[in-house]
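J.: Protein chains in written order, with the working numbering: chain A, 1 to 183; chain B, 1 to 183.
Heads up, some of the hints might be wrong.
The list treats identical chains as interchangeable, and a pair is accepted whether it falls inside one copy or across any two copies.
Unchecked claim - Using 27 Å as the maximum straight-line C-alpha spacing, the simulated DSS-like pairs for lysine-lysine come out as follows:
{"no.": "1", "residue 1": "Lys86", "residue 2": "Lys126"}
{"no.": "2", "residue 1": "Lys152", "residue 2": "Lys182"}
{"no.": "3", "residue 1": "Lys2", "residue 2": "Lys136"}
{"no.": "4", "residue 1": "Lys95", "residue 2": "Lys71"}
{"no.": "5", "residue 1": "Lys33", "residue 2": "Lys118"}
{"no.": "6", "residue 1": "Lys95", "residue 2": "Lys126"}
{"no.": "7", "residue 1": "Lys86", "residue 2": "Lys71"}
These are calculated hints, taken from the structure and not from any lab test.
Quick caveat, the model's predicted, so the values are computed rather than measured.
Number of protein chains: 2
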Amino acid sequence: MKLDFVTSNSHKYEEISHYLQEKGYQCRWVRMKYEEIQADTTEEVSMASLNALENLIDGPFFLEDTGLYIKSLNGFPGPYSSYVMKSIGNEGILKLLEGMPRDATFITVVSFRDQKGKHQFRGECKGGISMEMRGKSGFGYDPIFIPDGEKKTYAEMTLEEKNRNSHRIRAMESFLSYLQEKS
Amino acid sequence: MKLDFVTSNSHKYEEISHYLQEKGYQCRWVRMKYEEIQADTTEEVSMASLNALENLIDGPFFLEDTGLYIKSLNGFPGPYSSYVMKSIGNEGILKLLEGMPRDATFITVVSFRDQKGKHQFRGECKGGISMEMRGKSGFGYDPIFIPDGEKKTYAEMTLEEKNRNSHRIRAMESFLSYLQEKS
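Please work from the sequences and hints to get the whole structure.
T.: As C-alpha cells, then:
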C-alpha cells in the first residue's frame, strides 16, 4: 500500500519512510511547504494544516506536526518548536533552563485524511533536556533531548535507535493499527 | 467617523481608542478572538488575519498585529510575541539576554479592509531591553522595553506618554493619513 506524506522536512521524511518500509508500506514524499496556524496544541496545528491542504491534494494523505513541551517553561516551545529552533535554537533552550528542572515531552500528532474523513494519531516520548548539546544525527532538538531510560540524546542515536521508541514512530504505530483494522 | 477595531486585547483597544478619540474618530470595539498563522513577519500574520475575517465582518474594519524583534536573538520572539509572553514571559527574555546586546524593535502592522481593498500600515519603535522589569502600566513586554531616547520602560509611562511615540501609534498615524487623503 502507498501512503502520501506531506512535509518539507527531509529528516521527518527519512524517519517515517524508513519505518513504513520496514512495515511493508511505500511512502511517497509530497514535498510541500504549507502555512501553520498559531495554536496552543500540536493537535490543533496539525488538524488546521490538514484542513488547509484537503482541497489541494487528491486522495488520502497524511502529515505530522511535532512539538517539544518543556514543563518548567510552561510548555515552551510547544507548537512553536520550529520557529524557536530557527531563532534562539538549542543554545537558547539550554540558557532558559539554567537552574531549572529539565523534564520535557516530545509530542507528534499525525493527521490523516481518507474517504472516511479525518483522523489523528498521537505519539509522545517523555524525557529530559541534556546539560549540553550532544551528537550529530537527527535534526532540531535532537541534540538536547534524552528519552527516559536512555543515556544518549536522540542526536547520538542511529536512525534505527531513535525510531525504536520515538514520539514520531509511536504516532505512526497508532496510525498503522488504524489502517490495519480498516483493511 | 466610526472605525471598527477587531481585537480581544483590552490594552490595545484602550491605547488605540484613546488616540482615535483625540483625533476626532470614534472607535468601535469588535471583541473577537481569531486564529493567527505561523509566519516569519508581523505583516504576514496581520494580513492573514484580515483575510480570515473578511467574510465574517460587514463593512470596513481594521486589526493590528505587534511583534517585539530582538536583534541578538535573530528577531525572537517576533511574530510569536504573544505565545512567548504566555510561556516564558519577560523573565525568560531577560535570561536569554544575559551577556548579550539588548537592541530591540517593536513593530505594529495595522491591516484595514475598506471598499477599495486591503491596506497595511506599519509603525516601529527602536529601543532596548532593560536589565530588569520596571513599571506596572501597559501589558506584555512593556516592563522591559525602553524606547530610544527615553529612560523609562513603556510600563513606567502613562498611556499618554507611551502613545506619544509608540510603534502602535505610529502605525495608526499612517493609517489616519490614508483615511484623510481618501476623504
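J.: Now tell me, hint by hint, if it's right for this structure.
T.: Status of each hint after checking the structure:
1. Lys86 to Lys126: both (23 Å within a copy, 23 Å between copies)
2. Lys152 to Lys182: Classified as neither: same-chain Cα gap 37 Å, cross-chain 64 Å, threshold 27 Å.
3. Lys2 to Lys136: neither (31 Å within a copy, 58 Å between copies)
4. Lys95 to Lys71: Answer is both: 15 Å inside a copy and 17 Å across each meet the 27 Å cutoff.
5. Lys33 to Lys118: For lysine 33 and lysine 118, the Cα distance is within 27 Å both inside one copy (20 Å) and across copies (25 Å).
6. Lys95 to Lys126: both (21 Å within a copy, 25 Å between copies)
7. Lys86 to Lys71: both (21 Å within a copy, 13 Å between copies)
When held up to the earlier numbered hints, the structure conflicts with 2, 3 and fits the remainder.
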